[in-house]
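Student: Chains U and D, in that order, give the protein sequences.
Each residue of the first sequence is one higher than the last, beginning at 164 in the working numbering.
Each residue of the second sequence is one higher than the last, beginning at 10 in the working numbering.
It is worth saying that the hints were derived from the structure and are not from the lab.
Worth double-checking, as some hints may not be accurate.
Stated by the list, open to error - Straight-line alpha carbon distances no greater than 30 Å define the calculated DSSO-like cross-link-like pairs of lysine-lysine that follow:
id, chain 1, residue 1, chain 2, residue 2
1, D, 103, D, 254
2, D, 180, D, 206
3, D, 33, D, 143
4, D, 237, D, 222
5, D, 143, D, 35
6, U, 354, D, 159
7, D, 123, D, 103
8, D, 33, U, 535
9, U, 535, D, 206
As the list claims (entries may be wrong) - Calculated Cβ distances over 10 Å to all of chain D for the following chain U residues:
id, residue
10, 198
11, 288
12, 487
13, 572
A quick note: this is a predicted structure, and the numbers were derived from the prediction, not measured.
Built from N, CA and C at the ideal position, the CB exists for glycine as well.
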Amino acid sequence: MSGHSTYQPKSAFTRWMDARLPVGRLVWDSFVDYPTPRNLNYWWTFGGILSLCLGVQIITGIVLAMHYTPSAAGAFNSVEHIMRNVNYGWLIRYIHANGASMFFIAVYLHMFRGLYYGSYKAPREVLWILGCVIYGLMMATAFMGYVLPWGQMSFHGAVVITNLLGAFPIVGETITTLLWGGFAVDEPTLKRFFSLHYLLPFVIAGVVVLHVWALHVVGQNNPTGVDPKSKADTVPFTPYATVKDGFAMSVFLILFATFVFYMPNALGHADNYIPANPLVTPAHIVPEWYFLPFYAILRAVPDKLMGVLAMFGAIGCLFALPWLDTSKVKSMRYRPQAQLYFVIFVVICWILGVCGGKLPDDQVIPGLSTFKLFDSELNSYVWLSRFATLYYFAYFLVVMPVLGLIEKPRPVPETISSPVLGDSDKKD
Amino acid sequence: MLRKVTLLAAALVLVAGPAFAAGKAKEPADIAFSYEGPFGTYNQAQLQRGYKVYREVCAACHSMDLLAFRNLGDRGGPFYDPKYPNANDNPYVKAIAAEAQINDLDSETGDAIKRPGTPADRFPAPFANVIAAKASNGGIAPPDLSLMAKARSGGPEYIAALLQGYEAPPKGLTVPPGLNYNSYFPGDVSAGWSGDKHHTPAGGYIAMAPPLKADLVTFDDGTKSTIKQQATDVAAFLMWAAEPKLEERKQMGAAVMVFLVLFAGLLYASYRRVWRNESH
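Generate coordinates for the entire structure from the input sequences, incorporating the hints supplied.
Tutor: Put into structure tokens, the structure is as follows:
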């Protein structure tokens, strides 16, 4: 895709610059002339939306850091100082706090899109893996960011999550001590989390550059999964993709603004407006919504170490996905059976999210008494998360490899433009 | 089909994600507060009544460390007066502040002194420190009220319900000494319950004694001073205290929404125009 450059410097200055540092050429080739498959649907707009999210988080975060105090005694009150006394501080903080959730909504949709249309398959393995790295960094950044207000949920969430790493044999204790900067979550923990929370977004930005670079080498996937074969299959990025991405971004911003201006605390937890108190543990410690599926997987496994491994394994599966899927056909548009398993997978991820927010022993169907299976009632969220966890792993480790070998896909078009221009096939 | 399922799942995650049941307490009754809805604003008369309840009742035990007297005269606040955009000049705020005695140091001698408050001073705390607060309250320090309306699931509705929720304990329930039964307080009363195990009463034991009584506070605007009125007004006041920028936020939100909808419309029109000759 990264073919011959068509950049023509127009003015004397751009010609002079082009011979020395061809930034103009890079921008032209990457964001203007760059050939984009003409059949991209709105699921392809989340890449642009995610860059917007990263930009918003970095800018609001830098301003917040100007007013924030990273100390156990001052953190909570400095956040309230931002909310009450800093000009538009409430706006900046609500954008940053809800921006994290918006970022994850967009990244999950972006990932499900990649999963459905086979965007991880050759030659896009490295592109996909870089995306997984970004996702991992995002989770680390978001987790540390949630600790910074030093509320009850910040503190006890940090205790629960950092303690998990202690489950690893031999190195566990060293890792937690290093992470805590001592023997419990305390002042040094907050200080290093603040430092890392400021650092990691720039690491993310760096990996995003690699992600976009890799994208521009292999080109975008598209709903047919058939790579463009001629100029008839593509349109230039500008204005075609820019205007479409711009429209999608503005719609996304409407959702974003609805949260910021009308329900800014809906995605947070009330307990985080109580200052951290190590001596009082909240009745129910829950992470932010975007971690709930993994929290459910963690708690589904009775053994602590195995639970931690399952949780990390759930993310690890994503990295191995390019080699787990054996299908010759990229897009699930032509794989009816895969579509069914995919829809179930999406529902399962949602169910895991719900389970992560409940107490394990709560009843799924209220009032229905069942029998005890091993350690818990069958009608409990812990058993629901176990079944869902089983499907989660089976999807990657069984369905993906086996289905690709046994299914009979529908006919795949020769080129992108044939189904579009021919207009015979149905669009999903 | 796929699209619908995905959107539905995303919507459900948004709705169901943070909604957690809290204990086995009674569900607080809904109150139609004036600040609710996209164009809601605080009812200033209600905030003034609520402030009076706080000042005359709650402030005896509860601190409100994050608030300064000047906040009372800020836009949207109980004593905001458009004539005084700078709340420090508001005579009403100055008078309220001057009633308080603030701990300070004499700038000449360095001796600890008390002086009348100014609008820049924070609300004085009833106890010198946490230990003193615990010692005077049976071992449990009364929580700070600055963020109470955001720090409890159910918010102001929960606060109003809790303040009215001091029912006589049901027959068969033994209330430990120094504690009070409240049907809206999250907790577990099963240890003191001698009745049917499957019908443990809702609620929990709270250290705070019933704080409100009819006519305990005299409202300057002539509003009848029932427990319900006091509880509702102080809940509204605490909501203002926790979220003082709510009016500013909703006003800006309306402008942002209008802009974004127009902007999105413009971009959609551009999109249609740019793509008009391209099949896709």
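Student: If any of the earlier hints don't hold here, list their numbers in rising order.
Tutor: Of the numbered hints given earlier, the structure breaks none, since each of them holds.
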